[in-house]
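Peer 1: Sequence:
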Amino acid sequence: MLEEVDFYKEAANIEAFRRYLEATGLTGQATAPKVYQYCSTRQVLTMQRLYGVPLTDLDSIRSLVTSPESSLISALNVWFGSLLACESFHADVHAGNLWLLRDGRIGFLDF
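Counted from 1, the sequence shown has number 1094 at position 99 by the working numbering; the numbering is strictly sequential.
Just so you know, not all the hints are guaranteed correct.
What the hints assert, rightly or not - Label-pair distances were calculated between CB atoms; the ranges are:
1) THR1036 / SER1065: 36 to 44 Å
2) LYS1004 / GLY1076: 32 to 40 Å
3) CYS1034 / SER1058: 27 to 35 Å
4) VAL1000 / ASP1054: 32 to 40 Å
5) ASN1092 / SER1035: 13 to 21 Å
It should be emphasised that the hints constitute simulated quantities derived from the structure, not laboratory data.
The model shown is predicted, which means the values in this text are computed figures rather than measured ones.
Positions of the beta carbon are idealized from the N, C-alpha and C atoms, including for glycine.
Please build the complete structure, drawing on both the sequences and the hints.
Peer 2: Take a look at the structure:
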């Protein structure tokens, strides 16, 4: 339970996911917020703000892309790939932690 509130651990998980995206060439499909280590502590996590809408907001998703289904499939493909290729495991994947960003990529949040 203590790992859930250890933001050093969360930052490490985010960075591992970002490395996975880079290594697999998926940065055009998905991203995770950049962590600002110099502004973060064990109790404070400072990250890049991502602009988009949660995958729970279908009307807003439709305003950004013509095929919401394709966005969801892309999100699932990236996540399933991470199960095999990423050194950390994103165990809290749900529509509130997956955002469709303004640039069409999927933003993964809350590691």
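Peer 1: If any of the earlier hints don't hold here, list their numbers in rising order.
Peer 2: 2
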